[in-house]
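**Q** With the hints as your guide, set chains B and C onto chain A.
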Amino acid sequence: MDTQSYLPVQPGVGMEENFLSLDDILLSHERLPARTECTFPRLGFLEKTTDSQDITEGTKMELPLWLSKGLYERKRRVLSVELPKVYREGWRTIFKADPNVVDLHKMGPYYYGLGSQMLHFDSPENPEIAQTLLQTFIGRFRRIMDSSQNAYNEDTSVLVEHLDCLEKTLFRSGQSGLNSFQSWEKGQASQLTASSLVLNYRKRKMTDIQP
Amino acid sequence: MFCEKSIELIRELHRMSDGQLPAFNEDGLRQVLQEMEALYEQNQTDVNAAKAEGRADLIPSIKLRHCCLLRNQRCITAYLYDRLLRIRALRWEYGSVLPPNVRFHMCAEEVQWFGNYKKSLASFMRSLGGGEGLDITQDMKPPKSLYIEVRCLKDHGEFEIDDGTVILLKKNSQHFLPRWKCEQLIRQGVLEHVMS
Amino acid sequence: MDPSEVEFLAEKEIVKIIPNFSLDKIYLIGGDLGPFNPGLQVDVPVWLALNLKQRQKCRIVPPEWMDVDKLEEMRDLERREDAFTPVPSPYYMELTKLLLNYASDNIPKADEIRTLVKDIWDTRIAKLRLSADSFISQMEAHAKLDNLTLMEINTIRSFLLDSLNCMYKLRSNLQPGSSKGQLTDY
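For the protein sequence lines, the chains are A, B and C, in the order given. So in our numbering, the last spot in the first sequence is 335, and the numbers never skip. So in our numbering, the last spot in the second sequence is 326, and the numbers never skip. So in our numbering, the last spot in the third sequence is 180, and the numbers never skip.
Chain A extracted, bound-state conformation (with noise of 0.2 Å):
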């Protein structure tokens, strides 16, 4: 079958997360540098470069997503938070020169889900931010669809292996429209199959059994 019974949750790509879906939750586990604007007490044992029993005002730490945007707040001072080099102006300008150019896979991999993010955090650089991840996208597009639907005749996986998480699925559903069309031009889309599912578990029970 092509069609997989199992449909995970979606992510939510903007700025709100969806509660249930594993890419997000993956998202989220993303680190982002950060200082603490204030002392949290009998904590120290979580930053490991410091003997004291708490983690005092001023410390920079790699603080993962959830726990920043769970701490932040915008009227206290708690915590201030960097905005990683990809999002800054120097790499702004060169997405605006060419998108295409840039390997979104070792730069990210969440780059449109992690900009989105930091839009949570207040920043004059927000606008600029958003627009950037938008153009990004938009010039970006072409050479996805393309790609995904073998325009060019040439070997992709290069291409795709530079690809951010969200471009990679849109190239996953453009290939899969493409070849369950070439299936059904060569006459094998009625013809009953085997479930993926179910020779994928053979497979594994393959690989189990050998050493």
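Source of the hints: derived by calculation from the structure; they are not laboratory data. Please note: incorrect hints may appear among the correct ones.
[Stated by the list, open to error] The calculated lysine-lysine pairs, modelled on DSBU-like cross-linking and capped at a C-alpha distance of 35 Å, are: (1) Lys327/A <-> Lys135/B; (2) Lys274/B <-> Lys311/B; (3) Lys199/A <-> Lys135/B; (4) Lys181/B <-> Lys172/A; (5) Lys220/A <-> Lys121/C; (6) Lys112/C <-> Lys292/A; (7) Lys6/C <-> Lys327/A; (8) Lys6/C <-> Lys121/C; (9) Lys103/C <-> Lys274/B; (10) Lys112/C <-> Lys300/B; (11) Lys327/A <-> Lys248/B; (12) Lys301/B <-> Lys248/B; (13) Lys271/B <-> Lys6/C; (14) Lys135/B <-> Lys172/A.
**A** Frame of chain A; chains B and C shown alone:
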């Protein structure tokens, strides 16, 4: 950092993106719950101190632990929910009887849930078609003909078809059978649909 | 949608056949068929035509548009125009495949027809990609899909919908305040 165990649970599922069900990680789940208990107790202590001694400086730490509690809660809920989605899919891919190696990966509650899902699906299907019942797991693709040519990929023993005839499904044997009788066996990889 | 489901819909289209048997009118839920008389043209749905053909009970009359001259004209027009030109049948691709696979002996110049239809398809799909790209890059909110067929839309549907969904989310980022202040996800 806190919540490292719970993200491990999520990674475990995410690695099997095709929908396979990994073994229920009882140990990992217990460790997360233990961490949550510890976080809760520490917060109780600090909240009491903040109230009784007016220690407002403890509030940031209380908040941090609270965030971790909620994070663990989210990860566990997502872990269990995603497993249910996978278990539901198994009903459609394997049919109502699961092979032991798949069942083995479920916890007792999941086995029970699968049973309940199976039952509600069955009673829904019985209610269709004016009391006649309709198997909606059949004909996932529009059928071209009532009978199809199939080849046996492995020995499957005896098999009874509509008119009561019993045929022997022996490896490499070829048969012309009613499509609706074969569909599930094809999905399970017992038979192969031979196209003319 | 799976292409086999699109093909299933195409099988409801009507074609003309010339049966070589007699049979009274038959009454079906989907409508009455027949009567069938040897040598007399009769309209039937494609699924029945193919079934009869496979049992050598009839000859299929190809649809009028399934003709080399007409298709060449259509191909040239499709290549000249920027917009999608009207197609002879909403299921031209599916019908071509079905009829040529099962009844190529009833269709003159079957191979040429196959190539021509494929050419038309390729031209249209290239146009579809081009317009999808300009749709995205100009951030349009709606598009006309005049003259596109179900099979054509189907090859790009999930990709385009997913992309538009992403773009919508990234665009809503530009309007802060819509979801600000809700730091509820941990």
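**Q** Are the Cα positions of Lys112/C and Lys292/A separated by 35 Å at most?
**A** Holds, because 29 Å separates the two Cα atoms, which is no more than 35 Å.
**Q** Going straight from one Cα to the other, do Lys274/B and Lys311/B come out at no more than 35 Å?
**A** Cα-Cα ~15 Å, so holds.
**Q** Is Lys220/A close enough to Lys121/C, meaning Cα to Cα at most 35 Å?
**A** With a Cα-Cα distance of about 27 Å, the restraint between Lys220/A and Lys121/C holds, given a limit of 35 Å.
**Q** Does Lys121/C sit within 35 Å of Lys6/C, going by the straight-line distance between their CA atoms?
**A** Holds - the C-alpha atoms of Lys121/C and Lys6/C are around 28 Å apart, at most 35 Å.
**Q** Lys301/B and Lys248/B: Cα distance at most 35 Å?
**A** holds, 30 Å
**Q** Please work out if Lys199/A and Lys135/B have their alpha carbons no farther apart than 35 Å.
**A** Holds. Lys199/A to Lys135/B sits at ~32 Å (cutoff 35 Å).
**Q** Quick one, are Lys135/B and Lys172/A close enough, alpha carbons at most 35 Å?
**A** Within the cut-off at roughly 19 Å; holds.
**Q** What's the verdict on Lys327/A and Lys135/B, does the C-alpha distance respect the 35 Å limit or exceed it?
**A** holds, 29 Å
**Q** Going straight from one Cα to the other, do Lys103/C and Lys274/B come out at no more than 35 Å?
**A** holds, 27 Å
**Q** Lys112/C and Lys300/B: Cα distance at most 35 Å?
**A** Violated, at about 43 Å.
**Q** Take the C-alpha atoms of Lys327/A and Lys248/B, compute the straight-line distance between them, and say whether it is at most 35 Å.
**A** holds, 26 Å
**Q** When you check the alpha-carbon spacing of Lys271/B and Lys6/C, does it fall within 35 Å?
**A** This hinted pair holds, its Cα atoms lying about 16 Å apart.
Consistency note: the structure conflicts with the earlier hints numbered 7 and 10.
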